[in-house]
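In the numbering used here, the protein residues as written are 2 to 100.
Everything labelled a hint here was simulated from the structure, so no lab data went into it. Since the model is a prediction, treat every value here as computed from it, not as a measurement. Any given hint might turn out to be false.
Stated by the list, open to error - Simulated restraints, written as ranges between beta carbons of each label pair:
| no. | residue 1 | residue 2 | range |
| --- | --- | --- | --- |
| 1 | Ser63 | Gln23 | 18 to 24 Å |
| 2 | Ile92 | Glu66 | 37 to 43 Å |
| 3 | Thr87 | Val30 | 40 to 46 Å |
| 4 | Arg34 | Thr94 | 43 to 49 Å |
Positions of the beta carbon are idealized from the N, C-alpha and C atoms, including for glycine.
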Amino acid sequence: MQIDQMPTAFNSGLNGIKKAEQGVEEAAVQINRLNTEQDQVQSVKVDNKEKLAMADSQPQPSLTEEVVKLAVNEHLAKANTKSIRTADDMIGTLIDTKV
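Whenever a hint applies, use it, and build me the whole structure from the sequences.
In structure tokens:
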């Protein structure tokens, strides 16, 4: 890898970490939404069918799916961190070689 390609490796790694961060945030929001909706449904009386129908009409995320998304984004962040470390190590090696 040439020195002029190092900024690209750093940028790719940083972009990947940002994307992972956004994915974690989205999954956390969905998990929170799921928990909030479950609390609302439990507090509504069974004879009040309008509120139950309204709660059921919205697509609900699956807790399992959202936890999987969290894990995937964690691995994405770790992989991008490794690519940044590798690019950093390569720059260090190239500088040592030039000196």
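Right, here's what the structure says about each hint:
no. : hint                      : verdict
1   : Ser63 x Gln23: 18 to 24 Å : holds (20 Å)
2   : Ile92 x Glu66: 37 to 43 Å : holds (39 Å)
3   : Thr87 x Val30: 40 to 46 Å : violated (32 Å)
4   : Arg34 x Thr94: 43 to 49 Å : holds (47 Å)
When held up to the earlier numbered hints, the structure conflicts with hint 3 and nothing else.
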